[in-house]
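Trainee: Make the full structure from the sequences, and use the hints.
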Amino acid sequence: MPTSEVILTENIRGLGAEADIVKVKRGFARNFLLPQGKAYEVTPVTLRRINQLKAKRAEREGQERNAAEELMRRINKLNLQLTLETGTTGKAFGSISTRDLEEALKKELPNAEIDRHAIQLEKPIKETGLHEVPVKLYTDVTATLKVNVKSATEPAPAPEAEAAPAPEEGKKTVSKYAKKKS
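Residue numbering for the sequence shown follows our numbering, beginning at 1 and increasing consecutively.
Just so you know, the hints here were simulated from the structure itself, not pulled from any lab data. Note that this is a predicted model, so its numbers are computed, not measured. A virtual CB, placed ideally from N, CA and C, is assigned to each residue, including glycine. Don't take each hint at face value.
Unchecked claim - The following label-pair restraints were derived from C-beta to C-beta distances:
no., residue 1, residue 2, range
1, Asn79, Lys126, 48 to 54 Å
2, Thr3, Ala152, 31 to 37 Å
3, Lys146, Arg48, 48 to 54 Å
4, Asn148, Asp115, 22 to 28 Å
5, Pro44, Asp140, 50 to 56 Å
6, Ile50, Met1, 23 to 29 Å
Mentor: Here it is in structure tokens:
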């Protein structure tokens with residue numbers, strides 16, 4: 001397949017970041033990247049312009065990193081309280097997933113943009129108690145979210161065996177379901 005080299009002007013997921021020189025198929029460059037202004041062809045003029053793009057990229061990455069560190073501090077201070085439906089024995093009927101955590105975070109931090117894929121939950125939470133969940137905000141910025149999971153219905157204490165009064169001597173105890181002799 002014929003390829004061409006282009007200089008990216010913005011981040012393109014799965015391809016690269018701004019100021020990266022990448023090889024792509026000619027049709028992709030000709031039909032999508034170049035007309036949309038997402039890339040420039042590699043020429044001596046555009047190679048001189050790459051320094052401007054690198055400076056712009058460094059500035060943007062610095063701002064994103066600072067924002068991620070600020071968000072990390074806010075998340076580390078949080079202690080989310082979530083409830084989980086459980087039966088009388090304490091067994092969970094459901095679980096808490098990344099989507100539930102994302103919704104809870106949006107309620108606690110309404111201005112924060114947190115993608116549910118950033119929440120690194122190995123498996124859904126199915127137990128009550130305190131859980132620590134890592135949240136990857138940037139390449140090397142990871143926050144720890146504390147989640148306290150409580151039961152929606154507190155399990156009832158085990159019923160204690162009540163001592164039934166002993167039948168008096170000389171009296172017969174008859175069940176109300178016992179058949180009468182005729």
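Trainee: Does the hinted range 31 to 37 Å hold for Thr3 and Ala152 at CB?
Mentor: 57 Å, violated
Trainee: Could you check the hint for me, namely that Ile50 and Met1 are 23 to 29 Å apart, CB to CB?
Mentor: 25 Å, holds
Trainee: For the pair Asn148 and Asp115, does the Cβ-Cβ distance stay inside 22 to 28 Å?
Mentor: 23 Å, holds
Trainee: Are Asn79 and Lys126 spaced within 48 to 54 Å by their CB atoms?
Mentor: 20 Å, violated
Trainee: The hint says 50 to 56 Å between Pro44 and Asp140; measuring C-beta to C-beta, is that right?
Mentor: 36 Å, violated
Trainee: Is 48 to 54 Å respected by the C-beta to C-beta distance linking Lys146 and Arg48?
Mentor: 50 Å, holds
Figure legend: structure checked against the earlier numbered hints; hints not met, in rising order: 1, 2, 5.
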